[in-house]
Amino acid sequence: MTSSAAEPAGLPAARRRTFLALFTALAIVVHTFETLLPTPLPWLRLGLANALALVVLFLYGPGAAWSLTLSRIVLGALLLGRLFTPGFWLALAGGCLATLVMTGLHRFGRGRFGPVGISVAGAVSHACGQTLAAWALLVRHDALWRVLPLFLLFAIATGLLTGWVAALLLERLKRHPALADT
Amino acid sequence: MPWNRPWLLVVLLTLILAMSWWHWRPAGGEARQVRLLMGTTVEIVAFGDNQRRLEQAIDAAMDEMARLERLLGNGYPESDPDRINASDSAVTVAAETAAVLDLGLEIAQLSNGAFDLGLGRLKTLWGMEGPAPRVPDAGAVEAALAGVGPTALQLDGPQVTRRAAVAIDLGGIAKGEIVDHAVALLRRHGIEQAAVNAGGDMYLLGRHRDRPWRIGIQHPRQPGEVAATLHLADRAVVTSGDYERFFEQDGVRYHHLFDPRSGYPADACQSVTVVAESAVLADALATALFVLGVEDGLALLAHFPGSDALMIDAAGRQHLSAGMAAWLEQP
Amino acid sequence: MTSLWACMTGADRLLTLALTLFALAGAGWLLSAPPGERILVDDGVQIVYQGGFDRVAELSFHGPMGTSRLAIAADGVRVIEAPCPQKLCMGMGPARRSGDLIACLPNRLLVRIVGAQPAEAVHDLISR
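Residue numbers (our numbering), protein chains in the order written: chain A, 1 to 182; chain B, 1001 to 1331; chain C, 2001 to 2128.
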């Protein structure tokens, strides 16, 4: 990290915090709006909020991605009045597993994985985490496993889309002067 | 983006409202419970948004059924049939019992004795409910039928008088009455969609979520197959079949539905399914029609508008009452 | 705007391909399994067995009164041994259609036939 001598020592950290807060707020808005969108099946989401988690992961590292995802899930649930409902636990299980896999790939993939690959892996883990939580909490029905492969194919498609959005966002943001030093 | 333009805000808000409505439609919970009552499996399923209320209503309905079983069933020390059978003079019975007797006696009369509430001694003689049923000798059957007939019981308000030789048995009708009471209790608890299923005799309250209930009718000769499918809402359906409880002796099959006029199992039908507005009526009519056979059975049914039947005769042919086709799923 | 393909590294492409093949294989394997009614056995607390009618089997379940035995065959599942005195469940005959139910409540055993998926259940209940 480079910072010019003219800037006070705390400025990059403050800037980082501010942008992280902005990205988190944006993620919550996208997540809330997406929750309202009609879907053919419950729990089927585009997962565009994850694009912001990816951006933050690439800009500020795993810690930032974790804090964005966790606050997005908790604050989003608070906003929609579903804190501690089954749907909340599903989102939490999916989000945690996805973030675990994404940060792991980012850290130990030695730079071989770009945002798209990490996004696909995250979306698939998200689907698996949700299904496991649904099995544990809601329905012990075989039908759940029967729809999982379709669920996974859908997740791969949305993961590609989300990853692409994240890649395009990163491309723009890295050229922006406010973020050029990160 | 021009956020200061009011019409854009209005459009956005409307969109969000519409999507919220889509999302928070009542999801519809479900509660179910099974108990062993009246010698069979009783299952209640109920749909609604308030899970606690569903469970409380089902608990209450099950308790009510257990109470009525002790009131209307034979073999309970203080049950009304056993008190009537133990007494030589008039017995004052509960309102529920009087209602059952009233309907039972009406059907006994209209069916010219093909339906009878006084078969207690005949049923004991055959031992159908016990571990070792057997074919009794003809003299014993005749003795057990002594005094049996539509006039063997006299009902005067809550007072019941019995002709001395006759033992009352509400087997062909009590189950339906008990199902009806459970349904009434569910209604009082605000339940709008439920099924009360007492071993295949059932009442369907409201619809199955957003469609009518789909009820299969057991095929009388092919276990595991259905003879027809009904689409029902707010109706009772009861099937009487010769395949439910039977034994074989010397190569002949004897089942549990007796013709009160002969004292032997009725052989006109394989099964009769009645759809009616109450389970008690469906229960009694299914038994009566089974004994009467197709022609006389459908004639009896004409006395009860709103009731319909699917009768499968001894040769396996299906006969429908005039209104029955409306309930059947068209293949 | 950079195309999606150009945004992906070699490792990204490999990972996506592997996951897609895995999901497709899973879908193929599950779809090849015979659909239809399934047997659920419940001990009052949780589901202790579930399976289809595609294999002939005899199963034993231990309840508070002793051992209940179930026989599964193509024509249905029936209780062939029950520890309770009344043995009503043995007299209930085979259960085959979705909506069918056999229960031995003294021994806390509940056998239910359901459709492959709840929405596919052919019949809600069977009148018999």
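Keep in mind that the hints were calculated from the coordinates and are not lab data.
It is possible that part of the hints are untrue.
[Claimed, not checked] If you want a taste of the chain C side facing chain B, the calculated C-beta under 8 Å gives, among others:
no., residue
1, G2052
2, D2054
3, G2076
4, G2099
5, A2103
6, L2110
[Said to hold, decoys possible] Anything over 12 Å on all C-beta distances counts as not near chain C; from chain A, calculated:
no., residue
7, Y60
8, V74
9, G114
10, S119
11, V120
Every residue, glycine too, gets a C-beta built ideally from N, C-alpha and C.
Structure-based check of each hint:
no. : hint  : result
1   : G2052 : violated, 14 Å
2   : D2054 : violated, 15 Å
3   : G2076 : holds, 5 Å
4   : G2099 : holds, 6 Å
5   : A2103 : holds, 4 Å
6   : L2110 : holds, 6 Å
7   : Y60   : holds, 20 Å
8   : V74   : holds, 29 Å
9   : G114  : violated, 4 Å
10  : S119  : violated, 9 Å
11  : V120  : violated, 5 Å
Violated hints for the displayed structure, listed by number in ascending order: 1, 2, 9, 10 and 11.
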